[in-house]
Amino acid sequence: MNSVIDLQLWQMIAAYVFVLVLMLITKLKGIPREKEILIASVRMTIQLILTGYILVYLFNAPSPLYTILILVIMEIFSVYNIIKRTKTAISPKLKQIIAFSMIVGTVSCLLYFLLVVIHISPWYDPQYFIPVAGMLIGNSMTGISLGINRLVDGMQKQKYLVEGALMLGATPRMAAKEIVDDAFDSAILPTINSMVGMGIVFLPGMMTGQILSGISPITAIEYQIAVMLGILGSVTLTVILFVQLGYKTFFNEHQQLKI
Amino acid sequence: MFSLNNVRFKNILDIKHLKVPSNKVTCIVGESGSGKSTLLRLLNNLISCDSGEISFNDRPLSTINSVELRRTIVTLSQQPVIFPGTVKDNLLIGLKFAEKPLVDEEKLRQILRMVSLSKELYEDSDKLSGGEKQRLALARVILLDPEVFLLDEPSSALDEETERIIVEMLVAYTKDTNKTLIMVTHSKKVAKDYSDNIIEINQGKVVNYTGDQV
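As given, the protein sequences belong to chains A and B, one line each in that order. Position 203, counted from 1, in the first sequence is what this note's numbering calls 203; the numbers after and before it change by one each time, with no gaps. Going from the second sequence to this note's numbering is simple: count from 1 and add 259.
Source of the hints: derived by calculation from the structure; they are not laboratory data. There may be inaccurate statements among the hints.
Result set (DSSO-like, lysine-lysine): computed pairs, CA atoms no more than 27 Å apart in a straight line [to be verified]:
1) Lys-269(B) / Lys-93(A)
2) Lys-159(A) / Lys-359(B)
3) Lys-386(B) / Lys-157(A)
4) Lys-386(B) / Lys-177(A)
5) Lys-87(A) / Lys-177(A)
6) Lys-347(B) / Lys-157(A)
7) Lys-283(B) / Lys-447(B)
The following block holds chain A by itself, in its conformation from the complex:
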């Protein structure tokens, strides 16, 4: 195995040429996105540098308290991000369901993955706990974000069909079924699609990172397969919880549509 090339400062700076080229192209083409590109690049850099230092500190002094603290911060950030990214106003009850689904869905899959699949010891080993938690939470966050927009949009745009079904004697579950199924599909399809293209169309980020850092591709692939299945489980469980509880917030106790 070749030794890892440690990137020098000038090499890191050279990578920013991509940003400069992109900004130049958007400027020449009159696409008003330079500001967003610059902010995203700066944010990414600062966030990753800070994360790097925090991870070094945590890895050197593993502590269950810090590991849990990081998990809590990730969960809070993801729930906040989902709510912020939702295009329409959502009810406080739906916000609670987002938080509940994220926490129950991701934590149960995370614990199963770490304790049963990888079998880490101690259970809070930050080297495994934190990156895996990040991947499960990040992907579940994207799933719920897609699902919530489709659910809210569907309930509003197809209100007359839902009410039409209620008039014919449907339960709220039956009346909202098409919309709930559609929201579920749209939430998990990106994960399914990425699994289908994986290894052929692209090499996933985690695996690429491991290979670049000198780990055998076979080991990297083993981890990637396990993590991908963990992500699938977490996204699916989180989204199922969300859509199955979420649609109920559009009805009251008299099975009347609230919107």
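Following the hints, complete the assembly by docking chain B onto the known chain A.
Structure of chain B alone, referenced to chain A:
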């Protein structure tokens, strides 16, 4: 059957006292925006009144399971609700929602004949005209065989002749099967010619009641 006492809904309806008898044809008439459709939605518990009480067979609606109620009292909205799919899909979806046994195609064709809709079962329902959609939605409600029909202008998109045929069929069917028909209509002539009772609503209030005193 239905009994309303001091029922208020926003500033749309204000009904002091109203009784609607069972096994009769009752028409609700009034200007547009007078609260007729709101009254139907209240009776079916699609919305709840702000104050007062509505009872069905001496039981307050608030104590009846809404889904069970809506399977007993089926509403047809003024704008027909057509689900994506064929004519057959649209007929059967009502039975599926109400968790009733499905019927064969011969029965479906018979129902289509009842509402004078000469369409094939496998035709795309999206391609039907407004009047055809209205009759398809009506056929679906008849297929459900409920105790009470709540129909909101079931013939508004039909020409005069078809309207007469449909209303006559509905009235005859209601009488033959001993059911209750409550129908909102814009036509005072239809109300006068076919109903046992007429409730006239103006600006959310019952201004006239003709027929059986219950």
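Now the hints, each set against the structure:
no.	hint	result
1	Lys-269(B) / Lys-93(A)	holds, 25 Å
2	Lys-159(A) / Lys-359(B)	holds, 24 Å
3	Lys-386(B) / Lys-157(A)	holds, 21 Å
4	Lys-386(B) / Lys-177(A)	holds, 24 Å
5	Lys-87(A) / Lys-177(A)	holds, 22 Å
6	Lys-347(B) / Lys-157(A)	holds, 24 Å
7	Lys-283(B) / Lys-447(B)	holds, 17 Å
Violated hints for the displayed structure: none, as all numbered hints are satisfied.
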